[in-house]
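Please put together the full structure from these sequences, using the hints given.
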Amino acid sequence: MLGGSTLDVIRTVLDILIVAYIIYKFLDLTKGTRTMQMLVVVLGAAILILLSRQRFLDLPTFRWLVDKSLYAIVLVVVVLYQDDIRRSLVRIKWLDALAKGRGLSPMRSAEEVVKAVRAMSARRVGALIVIERTGNLEPYMTDSGTRLDAGISKELLYALFVPGQDNPLHDGAAILSKDRILSAGCVLPLTSRTDLEPWVGTRHRAAVGLSEQVDAVVVVVSEETGRISVALGGDLHANLSPDELRHLLARELTEAAPSPGLRRWRDRLFRKVG
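Position one of the sequence shown corresponds to residue 279 (my numbering), numbered consecutively onward.
Simulated from the structure, these hints should not be mistaken for laboratory data.
Note that CB positions come from ideal geometry on N, CA and C, so glycine has one too.
There could be a bad hint or two in this list.
Think about it this way: if two alpha-carbon atoms lie no more than 30 Å apart in a straight line, the pair counts; the simulated DSSO-like pairs of lysine-lysine are [to be verified]:
no.	residue 1	residue 2
1	393	456
2	432	456
3	432	393
Label pairs and their calculated CB-CB ranges [what the hints assert, rightly or not]:
no.	residue 1	residue 2	range
4	449	520	17 to 25 Å
5	446	345	55 to 63 Å
6	428	349	43 to 51 Å
7	425	294	52 to 60 Å
8	442	353	48 to 56 Å
9	444	505	24 to 32 Å
10	446	296	49 to 57 Å
11	427	299	40 to 48 Å
12	348	288	33 to 41 Å
13	424	479	22 to 30 Å
14	416	285	52 to 60 Å
15	520	290	22 to 30 Å
16	427	294	50 to 58 Å
17	475	285	49 to 57 Å
Okay, structure coming up:
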């Protein structure tokens, strides 16, 4: 049997590894956010709380102030960093697994999207295509855009984004769910991030902005360069080939229907954070 000292060493190493993994995953989830600012605020609050609990300091007024301010501090952190918290929640994969299932069938409609994007990229036709996963996109169709409820095809997607005075829908986003184009010409929220590349334009900022708030796959075609990009969970995957886009859609989309109860729970969680 292992001695007590050996068990203590194993326990200590395991403890350190678990904490290191938790810290790593936290930083990975919050990359591209104001993580360090939020950490400073949280750590500062934790230090104040610990100091107020030390008997040797004997600072009753300070302890009273910290106790009364604790809930206010939590509220301030949530309000100031709501976008960062929401972006981190979108990245959490187990939340996706709880309600995942909405989207395109990778073998059918997704291929039509890839064909349309390939054609638009070759001709430098700008496009913004939102594919629903577990998030609720209804507000973006209610507040803007034109309802279509049409089948997905390469020809229709291409026609929606051809620029011209006779096509008022080309500057907005097309929203897709399952095998239907639900709406076109929709206005999406822009990201407030300042760390994006200089070439990132309004379409890309809208794609990132929506993916920060809702669990969806957003495909972008640049009208200047024909570059294909995908925004997912607040991250922008740029310079994709049509084949890479096809693999990404196959990986991120699934046919299984979600549990309505779990989907409602997840949507309520995002609304509370937002």
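Against the structure, the hints:
Taking the CA atoms of residue 393 and residue 456, the gap is about 17 Å. The hint holds against a cut of 30 Å. Between residue 432 and residue 456 the CA atoms are separated by roughly 15 Å; this keeps the pair inside 30 Å, and the hint holds. Annotation: proposed proximity of residue 432 to residue 393 holds, straight-line Cα distance about 6 Å (limit 30 Å). Between residue 449 and residue 520 the beta carbon distance is about 23 Å. The supplied range of 17 to 25 Å therefore holds.
In this structure, residue 446 and residue 345 meet the distance hint of 55 to 63 Å, their C-beta atoms being roughly 58 Å apart. Checked against the hint of 43 to 51 Å, the C-beta distance between residue 428 and residue 349 comes to roughly 50 Å, which is consistent with it. The beta-carbon spacing between residue 425 and residue 294, approximately 55 Å, falls within the hinted interval of 52 to 60 Å. Separated by about 49 Å at the C-beta atoms, residue 442 and residue 353 satisfy the suggested range of 48 to 56 Å.
The hint said 24 to 32 Å for the Cβ distance between residue 444 and residue 505, and at roughly 26 Å that hint holds. For residue 446 and residue 296, the Cβ-Cβ distance of about 55 Å falls inside the hinted range of 49 to 57 Å, so the restraint holds. For residue 427 paired with residue 299, a C-beta distance near 46 Å keeps the hint of 40 to 48 Å intact. As the Cβ distance of residue 348 to residue 288 is approximately 37 Å, the hint placing it in 33 to 41 Å holds.
At roughly 23 Å, the beta carbons of residue 424 and residue 479 sit within the given window of 22 to 30 Å. Taking 52 to 60 Å as the suggested C-beta distance range, the pair residue 416 and residue 285 conforms, at roughly 55 Å. A hinted range of 22 to 30 Å for the beta carbons of residue 520 and residue 290 is inconsistent with their spacing of about 51 Å. Residue 427 and residue 294 have their C-beta atoms about 55 Å apart, which keeps the hinted 50 to 58 Å range intact.
Remark: the range hint 49 to 57 Å for residue 475 to residue 285 is upheld by a beta-carbon distance near 51 Å.
Of the numbered hints listed earlier, the single one contradicted by the structure is hint 15.
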